[in-house]
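Heads up: the sequence lines are chains C and F, in that order.
My numbering puts the first residue of the first sequence at 1, with every later residue one more than the last.
My numbering puts the first residue of the second sequence at 1, with every later residue one more than the last.
Don't read these hints as lab results, they were simulated from the structure.
It is possible that some hints are incorrect.
The following label-pair restraints were derived from C-beta to C-beta distances [as the list claims (entries may be wrong)]:
no.	chain 1	residue 1	chain 2	residue 2	range
1	F	S17	C	R18	46 to 56 Å
2	C	S60	F	R67	42 to 52 Å
3	C	S30	F	A88	32 to 42 Å
4	C	N92	F	S120	17 to 27 Å
If you're wondering where the values come from, they're calculated on a predicted model, not measured in any experiment.
No residue lacks a Cβ here, since even glycine has one placed at the ideal position from N, Cα and C.
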Amino acid sequence: DIQLTQSPSFLSASVGGRVTITCRASQAFSSYLSWYQQKSGRAPKLLIYASSTLQSGVPSRFSGTRSGTEFTLTITNLQPEDFATYYCQQFNSYPFTFGQGTKLEIK
Amino acid sequence: DVQLVESGGGLVQPGGSLRLSCAASEFTFASHAMAWVRQAPGKGLEWVSSISGSGDSPYYAASVKGRFSISRDNSKNTLFLQMNSLRADDTAVYYCVRGDGGGRIFYFDYWGQGSLVTVSS
Numbered sequence: 001d002i003q004l005t006q007s008p009s010f011l012s013a014s015v016g017g018r019v020t021i022t023c024r025a026s027q028a029f030s031s032y033l034s035w036y037q038q039k040s041g042r043a044p045k046l047l048i049y050a051s052s053t054l055q056s057g058v059p060s061r062f063s064g065t066r067s068g069t070e071f072t073l074t075i076t077n078l079q080p081e082d083f084a085t086y087y088c089q090q091f092n093s094y095p096f097t098f099g100q101g102t103k104l105e106i107k
Numbered sequence: 001d002v003q004l005v006e007s008g009g010g011l012v013q014p015g016g017s018l019r020l021s022c023a024a025s026e027f028t029f030a031s032h033a034m035a036w037v038r039q040a041p042g043k044g045l046e047w048v049s050s051i052s053g054s055g056d057s058p059y060y061a062a063s064v065k066g067r068f069s070i071s072r073d074n075s076k077n078t079l080f081l082q083m084n085s086l087r088a089d090d091t092a093v094y095y096c097v098r099g100d101g102g103g104r105i106f107y108f109d110y111w112g113q114g115s116l117v118t119v120s121s
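Next comes chain C alone, as it looks inside the complex (with noise of 0.2 Å):
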């Protein structure tokens, strides 16, 4: 199985800061590596998928880079609506494994 390690697990920012959570994966895989939000009590919404293309909806202060097996996610100018979990999933082969999650908050 594909595992993959997401860091940091706990992340503290400001409006109209910028973050970066990174999801690294314990062997090497293909770009199927998808990033989601999920807020409390709400069900998770896609952002990113194929490691760096942008949902349809989803503001373009997110963004999704690839460096080997590590797969970055980036959101930029901090908006009070972005204060969330995040959580990488790779979908190169089954099981269709998840990182363990990144909490942002508001600093």
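Following the hints, complete the assembly by docking chain F onto the known chain C.
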């Protein structure tokens, strides 16, 4: 807009069974693979099972293989998850999710609101 509405959750005793349903609308159901993802209280997301648009090629997480069965009725636009031999660690919100295409899945683009399953005596 795509709609995925889960039902069938509730309280069940350890060793019991439950069947979840997911009613899909506003898209061509048979053209999309579907899946179930769960989230235990206060925990992260766990992929449970997937099925292709045609209903073949089911896949399961090791934690549920042999106990859970995924199926679909394309004539009724409905996805199912039959859960048998339930254990306390199956307690979670179960989300119905849509795959991007009918065969191999590259991402999950729509999620239902979730259905809570509680396994307790």
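Going down the list of hints, with the structure as the test:
1. F/S17 - C/R18: 46 to 56 Å: About 49 Å separates the Cβ atoms of F/S17 and C/R18, which means 46 to 56 Å holds.
2. C/S60 - F/R67: 42 to 52 Å: 43 Å Cβ-Cβ, so the 42 to 52 Å window holds.
3. C/S30 - F/A88: 32 to 42 Å: Since C/S30 and F/A88 have Cβ atoms about 36 Å apart, the given range 32 to 42 Å holds.
4. C/N92 - F/S120: 17 to 27 Å: Hint violated: Cβ distance 36 Å, outside 17 to 27 Å.
When held up to the earlier numbered hints, the structure conflicts with hint 4 and nothing else.
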